[in-house]
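Student: So the chains spell out like this:
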Amino acid sequence: MGTGMGMGMTMRGAAMLDDFFTRALIAGIGLAVTTGPLGCFIVWRRMAYFGDTMAHSALLGVALAFLFEINLTVGVFIAAAMVSGALLVLQRRGALSTDALLGILSHATLALGLVMVAFMTWVRIDLMGFLFGDILAVSRLDIALIYGGGAVVLAVIAWLWRPLLAATVNEELARAEGMAPERSRVVFMLLMALVIAIAMKIVGILLITALMIIPAATARRFAATPEQMALMASGIGAVAVAGGLFGSLEFDTPSGPSIVVAALALFLVSLLPYSAFSRRGSAADGNRMP
Amino acid sequence: MLKKSDPALRGPRETLVSLKGAGVYRGGRWLVRNVEFDIARGEIVTLIGPNGSGKSTTARSAIGVLKPDEGSVWRLPGLRVGYVPQKLSIDWTLPLTVARLMSLTAAHNASEIAEALASVGISHLAGAEVQALSGGEFQRALLARAILRKPDLLVLDEPVQGVDFAGEVALYDLIGRIRDETGCGILLISHDLHVVMASTDTVICLNGHVCCRGTPQSVAASPEYHQLFGARAAGTLAVYRHDHDHTHLPDGRVLHADGTVTEHCHAGDGHHGDHTHDHGHGHGHGHDHEGGGHAR
Numbered sequence: 001m002g003t004g005m006g007m008g009m010t011m012r013g014a015a016m017l018d019d020f021f022t023r024a025l026i027a028g029i030g031l032a033v034t035t036g037p038l039g040c041f042i043v044w045r046r047m048a049y050f051g052d053t054m055a056h057s058a059l060l061g062v063a064l065a066f067l068f069e070i071n072l073t074v075g076v077f078i079a080a081a082m083v084s085g086a087l088l089v090l091q092r093r094g095a096l097s098t099d100a101l102l103g104i105l106s107h108a109t110l111a112l113g114l115v116m117v118a119f120m121t122w123v124r125i126d127l128m129g130f131l132f133g134d135i136l137a138v139s140r141l142d143i144a145l146i147y148g149g150g151a152v153v154l155a156v157i158a159w160l161w162r163p164l165l166a167a168t169v170n171e172e173l174a175r176a177e178g179m180a181p182e183r184s185r186v187v188f189m190l191l192m193a194l195v196i197a198i199a200m201k202i203v204g205i206l207l208i209t210a211l212m213i214i215p216a217a218t219a220r221r222f223a224a225t226p227e228q229m230a231l232m233a234s235g236i237g238a239v240a241v242a243g244g245l246f247g248s249l250e251f252d253t254p255s256g257p258s259i260v261v262a263a264l265a266l267f268l269v270s271l272l273p274y275s276a277f278s279r280r281g282s283a284a285d286g287n288r289m290p
Numbered sequence: 001m002l003k004k005s006d007p008a009l010r011g012p013r014e015t016l017v018s019l020k021g022a023g024v025y026r027g028g029r030w031l032v033r034n035v036e037f038d039i040a041r042g043e044i045v046t047l048i049g050p051n052g053s054g055k056s057t058t059a060r061s062a063i064g065v066l067k068p069d070e071g072s073v074w075r076l077p078g079l080r081v082g083y084v085p086q087k088l089s090i091d092w093t094l095p096l097t098v099a100r101l102m103s104l105t106a107a108h109n110a111s112e113i114a115e116a117l118a119s120v121g122i123s124h125l126a127g128a129e130v131q132a133l134s135g136g137e138f139q140r141a142l143l144a145r146a147i148l149r150k151p152d153l154l155v156l157d158e159p160v161q162g163v164d165f166a167g168e169v170a171l172y173d174l175i176g177r178i179r180d181e182t183g184c185g186i187l188l189i190s191h192d193l194h195v196v197m198a199s200t201d202t203v204i205c206l207n208g209h210v211c212c213r214g215t216p217q218s219v220a221a222s223p224e225y226h227q228l229f230g231a232r233a234a235g236t237l238a239v240y241r242h243d244h245d246h247t248h249l250p251d252g253r254v255l256h257a258d259g260t261v262t263e264h265c266h267a268g269d270g271h272h273g274d275h276t277h278d279h280g281h282g283h284g285h286g287h288d289h290e291g292g293g294h295a296r
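Those sequence lines, one after another, are chains A and B.
Be aware that the first sequence starts at 1, since it is given in this note's numbering, and climbs by one per residue.
Be aware that the second sequence starts at 1, since it is given in this note's numbering, and climbs by one per residue.
Chain A on its own, in the form it takes in the complex (with noise of 0.2 Å):
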C-alpha cells in the first residue's frame, strides 16, 4: 500500500510538471532565489545599466544561436560574456566614459540581434516571447537549467562572499590586503551572464535586469546587514514571481511585464512610511547591537 502511495504521488509529481503554469511557477522561483544575492551586488556596484546591456546582448545570442545551431542557453551565455569582455577592454583603454560604451554596446547589440533574426527568414523565432517572457515554452529542460545554473550561481557566490564584498566597498582596500578584485569582477560577470542566460525565457530580454535589482531595492529597507539584505531579495524576488505569473495567468499578459509589476508593487509597499513597519522593525533590532 505504501509502494502505491509513493507511486500515485509520483505520478501527481510528474503530472503536475505536465502543467506549462506549475513549470513556469517552479521555474520562476528557481529564477528569483539566484537572483536576489546577484541583484544586490549589482545595487551595490552600480552596475545597473551594465546588467541591462549584458542582458540586450542576450538577442545576439539567440540569433547566434540559431546561426550556429547551438543550444540557446549557451549561445546567449557567450554572448553576454563576450559582451562584458568587450566592455573590460573598452573600459580599460579609457576612450569613452563607461556611461557612453554602455549606450553603445547595450543598444548595438540589441540591433545587431533584431537584425540577424530578421535575416534568418529559414527559422521561425516568437521575438515577443524571447523579449518579454514565455511562461508557455518553459520545458523540463529549462526547469534542469534554471535550478543547475542556479546552484553553480550561488554556491560561487558563497564561496566567494567576502571577496566580492570587500571589492564592492573598496578595490584598492581589497587589494592591498591580500585579495583579488580582478578575479571578483570577472567571477561576477561570469555569474550575471550565466543568470541572463537562464532568465531569458522567463522574465524576457528586455527586463532581467528589473527582476535583479527590484528586488535587491525592496530588501534595503529592511536590511540590517549584507546577507540579510541578499536572503531578503531571494524571498521578495520568489513572491514577485509568483504573484506575476498568477497574474499572467489570469489576465492573460505576458509574463515577465506581470512579473515585474508585481515587484514593483512590493517595492512602493516598502516605501510606505517607516512606522506601520515599526513594531516588526524593533522586535528585529531586539538582538542586533546597540
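What the hints contain is simulated information worked out from the structure, not anything from laboratory work.
No experiment lies behind these values; they were computed from the predicted model shown.
A couple of the hints might just be wrong.
Said to hold, decoys possible - A partial selection of chain B residues facing chain A, derived with a Cβ cut-off under 10 Å:
(1) V65
(2) P95
(3) T97
(4) L101
(5) R149
The beta carbon of each residue, even a glycine, is placed where N, CA and C say it ideally should be.
Starting from the known structure of chain A, arrange chain B on it as the hints suggest.
Tutor: Structure of chain B alone, referenced to chain A:
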C-alpha cells in the same frame, strides 16, 4: 588584542617593504620618480608633501595596489597589510554596520571586534550604519578595522582627515601606541605639511621625488625643506603639540584664545606650526591646505 612587546628589545629590525628607484607613470607624466625608502618592523615613516606630490601614489605602490613603472618594490613574503585608504565612500544601498565593517576582509570574533572598537573609542557605534557616521567616527572605524588584522604593516593615508583637533591628537597617540604594543611598521601620510606626529622615526618629504628625509628635527632644519615649503616655514616643522589656541571660523577667519579675530593664523599659533594658505615653493606647485572636512 594588542600584544605587549618592546620593539627596542628585538634584534636588528626586519625590513617589511623596500622601494628602490620606484616611479609611477600615469596619464603622460611621472607622478613620482626615483623613490627610495625602507620600512622596518616597529618603525613609523611619515610622508609629507604638497598636493599632487605623489604621497598616496608612493604608499599605494609600496603595498602593491599600484605597479611601479620603473624601479622595484620588495615586500616581505606573506606581509600582512592593514590599509586605511584616503577616500572610501560606501554606497547607501549597502547595509553595513560598523561591527560588520570590521570583518570586511577577514573573519574576526565578536570579542576581538569589541576590543578594537574600544581601543579607538567607538564601542557605542558598533550597531550604527557606516553611512551615518561623522568623518572622524568613520576614520576611527577604518583604523579599528585595519588594526584588527594584526598587520605587519599599517598604511594610513591621511588618517586624521575630518577629525577635530582633540580627536587628531588622540588618534596620533593611538597610532603611536599601536606601534609600541604590536611592533608593526607604520607608513603614515600626513594631511598637514608642517605638523608631523611626534613619534615618527623618519619623515620623507616628497614632491614628485624625495626632496629630503630624516628625523623630524633634521628635515625641519634641511635647506630642501625650506626651499619646498618656503621661507615662512623655516624652523617650523612642528612636532605635534597639544596646545590649541585658535579656532577656524566658518568664514575663514581665525578666532584666537585671547578673543581676537584675524584673517589668518599667526606664525606662532598652535597646531598648525607656521600655517599659511598661499605659500609657494621652489618647485612651482601651488599648495592648498587640506586639513579637515574631506572625510568622505
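Student: Look at each hint and say if it fits the structure.
Tutor: Consistency of the hints with the structure:
no., hint, verdict
1, V65, "holds (5 Å)"
2, P95, "holds (5 Å)"
3, T97, "holds (7 Å)"
4, L101, "holds (8 Å)"
5, R149, "holds (7 Å)"
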